[in-house]
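Novice: Sequences are here, hints too, so could you generate the full structure?
In order, the protein sequences belong to chains A and B. If you're matching positions, the first sequence starts at 1 in the working numbering and goes up one per residue. If you're matching positions, the second sequence starts at 405 in the working numbering and goes up one per residue.
To be clear, the hints were calculated from the coordinates, so they are not data collected in a lab.
Calculated pairs, SDA-like style, for lysine to any residue (alpha carbon to alpha carbon, straight line, at most 25 Å):
| no. | chain 1 | residue 1 | chain 2 | residue 2 |
| --- | --- | --- | --- | --- |
| 1 | B | Lys-410 | B | Gln-432 |
| 2 | B | Lys-503 | B | Val-687 |
| 3 | B | Lys-410 | A | Asn-2 |
| 4 | B | Lys-430 | A | Asn-2 |
| 5 | B | Lys-487 | A | Pro-384 |
| 6 | B | Lys-487 | A | Ser-383 |
| 7 | B | Lys-487 | A | Ala-109 |
| 8 | A | Lys-367 | B | Arg-411 |
| 9 | B | Lys-410 | A | Ala-374 |
| 10 | B | Lys-491 | A | Thr-346 |
| 11 | B | Lys-545 | B | Glu-708 |
| 12 | A | Lys-87 | A | Val-117 |
Chain by chain, the residues run as shown.
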Amino acid sequence: MNRIYLDYNATSPVRPEVLEVMLPFYKEQFGNPSSVHWAGRQVSGALEKAREQVAALINASPAEIVFVSCGSEGDNMAIKGTLTALKGKGNHVITTAVEHPAVLETCEALAKEGYDVTFLPVDKDGQLDLADLEKAITDKTVLISVMWANNETGNIYPIEEIGKIAKKYNIRFHTDAVQAVGKIPVDVQKANVDLLVISGHKIGAPKGVGAIYIRRGTRMATFLHGGHQERNRRAGTQNVAGIVGLGKACEIAGAELDDYYKRVRLLRDRLEDGILSQVPDIKLNGTPDRDQRLPNTLNVSFAYIEGESLLLNLDMFGIAASSGSACTSGSLEPSHVMGAMCVEVTLAHSSTRFSLGPETTAEDIDKVLEVLPATVQRLRDMSPLYNCGRTAEGCETCETVRRI
Amino acid sequence: MIEPGKRVVVAMSGGVDSSVAAALLKEQGCEVIGMTMQIWDYSKFTADHGESSGSCCSLDDVYDARRVAESLDIPFYVVNFEKQFEKEVIDRFCDDYFKGLTPNPCVVCNQVLKFEVLLRRARELQADYLVTGHYAQLVRKDGFFALEKGRDRNKDQSYFLFTLTQEQMQYVRFPLGGMTKEQVRGHAVRLGLNVAEKPESQDICFVPDGDYVRFLEEQRGSGAMNGDIVHVDGQVLGTHLGTYRYTIGQRRGLGLSWPHPLYVVGIDALKRKVLVGEKHCLVVYHCYVDDINWLIDAPERDIEAACRIRYRHQEAPSLITVLDDGSARVDFYEPQSGVTPGQAAVFYAGDRVLGGGWIRESGMRDEGHDFEDL
Chain A
1 MNRIYLDYNA
11 TSPVRPEVLE
21 VMLPFYKEQF
31 GNPSSVHWAG
41 RQVSGALEKA
51 REQVAALINA
61 SPAEIVFVSC
71 GSEGDNMAIK
81 GTLTALKGKG
91 NHVITTAVEH
101 PAVLETCEAL
111 AKEGYDVTFL
121 PVDKDGQLDL
131 ADLEKAITDK
141 TVLISVMWAN
151 NETGNIYPIE
161 EIGKIAKKYN
171 IRFHTDAVQA
181 VGKIPVDVQK
191 ANVDLLVISG
201 HKIGAPKGVG
211 AIYIRRGTRM
221 ATFLHGGHQE
231 RNRRAGTQNV
241 AGIVGLGKAC
251 EIAGAELDDY
261 YKRVRLLRDR
271 LEDGILSQVP
281 DIKLNGTPDR
291 DQRLPNTLNV
301 SFAYIEGESL
311 LLNLDMFGIA
321 ASSGSACTSG
331 SLEPSHVMGA
341 MCVEVTLAHS
351 STRFSLGPET
361 TAEDIDKVLE
371 VLPATVQRLR
381 DMSPLYNCGR
391 TAEGCETCET
401 VRRI
Chain B
405 MIEPGKRVVV
415 AMSGGVDSSV
425 AAALLKEQGC
435 EVIGMTMQIW
445 DYSKFTADHG
455 ESSGSCCSLD
465 DVYDARRVAE
475 SLDIPFYVVN
485 FEKQFEKEVI
495 DRFCDDYFKG
505 LTPNPCVVCN
515 QVLKFEVLLR
525 RARELQADYL
535 VTGHYAQLVR
545 KDGFFALEKG
555 RDRNKDQSYF
565 LFTLTQEQMQ
575 YVRFPLGGMT
585 KEQVRGHAVR
595 LGLNVAEKPE
605 SQDICFVPDG
615 DYVRFLEEQR
625 GSGAMNGDIV
635 HVDGQVLGTH
645 LGTYRYTIGQ
655 RRGLGLSWPH
665 PLYVVGIDAL
675 KRKVLVGEKH
685 CLVVYHCYVD
695 DINWLIDAPE
705 RDIEAACRIR
715 YRHQEAPSLI
725 TVLDDGSARV
735 DFYEPQSGVT
745 PGQAAVFYAG
755 DRVLGGGWIR
765 ESGMRDEGHD
775 FEDL
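Specialist: Given below as C-alpha cells:
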C-alpha cells in the first residue's frame with residue numbers, strides 16, 4: 001500500500017543528511033564530551049558546532065543554547081526553573097488555554113501547588129486578544145508563556161507584540177516554539193523572547209533531543225542536578241549524536257526555509273481548497289487567514305462523524321493524519337484546543353489535522369482528495385446524527401455547522 | 405465459521421482468549437484488525453491507591469494487546485470510550501447501589517460499549533464481523549441467530565450476552581465458543597503466543613482492589629446515609645452507614661450479635677433500612693424481571709425455562725409469565741436463595757438463551773414473611 005504521511009506536527013522522519021552526520025558519533029567518535037583527552041575533544045567540538053547551528057537558526061548566540069532531551073523537558077525547565085528562581089518576586093504565571101500539554105499541565109500542576117495561573121482564552125478562531133493579556137498582568141506576574149504556533153490549528157501567535165508587552169512590564173517571556181521553528185522565521189531578538197523551546201524530531205532530527213534558548217543573564221533554577229554539563233544548566237552526559245543531528249537539521253531548516261514555506265504552503269492550500277470545495281458541512285478550525293497559520297497545517301471538522309472513525313479509515317488507505325494531540329497514551333482524546341475555541345462538542349470530536357512536510361508531494365495531496373470525500377460520505381451515511389440532521393427539523397448539530 | 409478473506413475487527417484485551425481468537429482468524433486467512441477499548445483512566449485512580457492488578461480492562465492491558473497485535477503483525481487501534489464508559493457504566497453502577505440494587509456492570513459494558521459503540525467502529529471500518537473472545541456460541545437457525553452456551557461449561561459466558569439483538573448477532577462472532585479453555589491454551593502454545601495468563605479476577609475492572617464501597621464514596625461522596633439494621637421480625641438490631649455497603653446474602657461485617665448467623669435479606673434504600681434474617685429467610689419462590697431482551701420471538705403466554713440469577717448459578721427450572729408491561733414474573737419450581745435485585749436473570753432452554761432481563765424485585769414481599777417495612 002502506498003503510504004502517505006500527513007502528520008508532521010506529530011513527528012517527522014530523520015533527514016538522510018542528518019542521519020549521515022550522526023553516524024560517526026555512534027562509532028569512532030564515541031567519547032564523552034566532558035573528558036579532556038583526545039576522545040572527549042573530538043566530540044566536544046562537534047557539540048559546540050551544533051550549538052552554533054541551532055543558535056544561528058533563531059538569531060541567538062551559542063552560549064544561550066542548552067541541549068535537553070525533548071520539547072517537554074524544555075518547557076518544564078523554562079516554567080519551573082523561572083518560578084523557582086523568581087520566588088521572591090512573585091507567583092503569578094500567564095499562559096493560554098491552547099498550549100501544548102507540556103506547558104498546560106505543567107501550569108496546572110503548579111496551580112495545585114499554590115501558584116497563581118491565568119489561562120488566557122481564545123476566540124472561536126483560536127486567536128488571542130492581547131488586551132486580555134495586559135489586563136491579566138499584576139505586580140506578582142513573573143512569567144508569560146505563549147506558544148509561537150499552535151500544534152493543532154497551526155495558528156501563529158503575535159509573539160513580537162507579546163514580547164513588547166513583556167518588556168514593557170519587565171516580565172519574563174517563554175515561548176514553546178516547537179511547531180514554529182523550521183516552518184516560519186523565528187528570531188529571538190526581534191521577538192524579545194527570554195526562553196524558547198525547540199524539539200528535534202519535529203524538524204528532521206531524531207527523537208530524544210531538543211534545545212532551550214535561555215537569554216543571557218536569565219536566572220534559572222536547575223532541576224536536573226549532577227555534572228557540570230551545559231554550563232551547569234542541565235546535568236547529564238549529552239546525547240551527542242542527537243545533538244549533532246539537531247544542529248544539522250537546524251542548518252538545513254535555515255537554508256531551506258523560504259523554499260519550504262512556498263512549497264508546503266502551495267500543497268496545503270491545494271488540500272484546503274480541495275476539501276472545502278468537495279466536502280459539504282465542514283468547519284475549518286483555526287484562523288481562516290492563511291498567512292496567520294503555519295504553512296503546513298490544516299485542521300477541519302467534518303460534521304456528523306467522529307474524527308476517530310475518519311482517522312482509522314484513512315489509515316486503512318495508508319493515509320496518516322491525526323485528531324487532537326497524539327500525546328495521550330496512544331489514545332484519541334477530545335482536544336482541549338477545540339474546547340478553548342468553543343467548537344461545538346460533536347464538531348470537536350470530528351476535528352482532523354493534516355500536517356505536511358518537506359517530503360509531501362502533490363500526488364499525496366491528490367490521493368487524499370480522492371479518498372477523503374467518499375470516506376466522509378460513507379461514514380455520514382452510517383451516522384445516526386447525519387440521518388437525523390437530514391430528516392428531523394431543528395437538529396442542533398446543523399445549526400452550528402458553518403458552510404464554507 | 406468465518407470465511408477466509410473477510411475483514412474482522414477483534415476486540416483485544418491482551419489476554420489469552422482474545423489473542424488466540426485474533427491469531428486463529430489470521431491463520432485462517434482473514435484480514436484481522438485489533439481494537440482495544442480504553443474505558444477508564446487508571447492513572448487518576450492508581451495515583452492514590454497503588455498498582456491495580458488482576459483486572460480485565462486496565463490501561464496496562466492496552467499495552468499487552470498492542471504487543472500481541474504487533475507480534476501478529478496486524479493493524480491495532482485503541483479507541484477511547486472513557487466518556488461513554490463513565491456515563492453508561494460507572495454512573496449506572498453507582499446509581500444502582502444507591503438505589504439498593506447490586507449491579508452487574510459487565511453486562512452493561514457489553515451491551516452499550518462492545519456491541520454498540522465498538523461494533524459501530526468495526527462497521528465503519530467496513531469490517532464484516534466484530535469478534536470477541538467470549539465463550540458462547542451463535543447458531544444460525546432458519547435465518548435467525550440463536551445464542552447458546554459455550555462448549556466449555558466452566559467458562560460459559562452466555563449469561564453476559566443476553567442483551568444481543570438479532571441485528572447485532574449478524575455482525576458478531578465468538579470463535580472460541582466451540583472450544584474448551586484447554587484447547588485455547590493449546591492454540592496459544594502452538595501459535596507461539598506469548599501471553600501471560602492473568603489470574604482470574606472476580607473483581608470489577610474499575611474496582612481492581614474489590615473495595616467498591618470506597619469507589620462509590622470517591623465517585624459520589626459519602627453523605628449522611630446511615631440507618632437501621634432491622635431483623636425480619638421487626639426488631640432493630642443496629643445501625644449502618646449506608647445501604648450501598650450491603651448486598652443480599654452478605655453475612656460478614658454486619659456487627660450484630662444474635663444467637664443465629666444473620667444474612668442481609670433485603671435492602672430498602674429509600675427508607676435507609678437493611679433487613680437481616682436467618683439463612684432460611686434468603687429463600688424465595690419467585691422474582692420480577694424487567695427490561696427484558698428476548699432472543700426468541702417474545703412469548704405471548706407462560707413459558708417454562710431454566711433461569712440463571714447470577715453468573716455462577718446453576719439455572720433453576722422456572723415458569724416465566726410475561727406481564728402486560730413487558731416485564732416478567734419468574735416462579736422457581738425449587739426455591740432459590742440469593743435472588744438479588746440489580747443482577748441479571750437469564751432464561752435458558754437447554755443450551756439456548758431465550759432471553760434475559762434485570763431482577764427488579766425478589767419475591768420476598770409476597771412470601772408470607774412479616775416484612776411490613778419492605
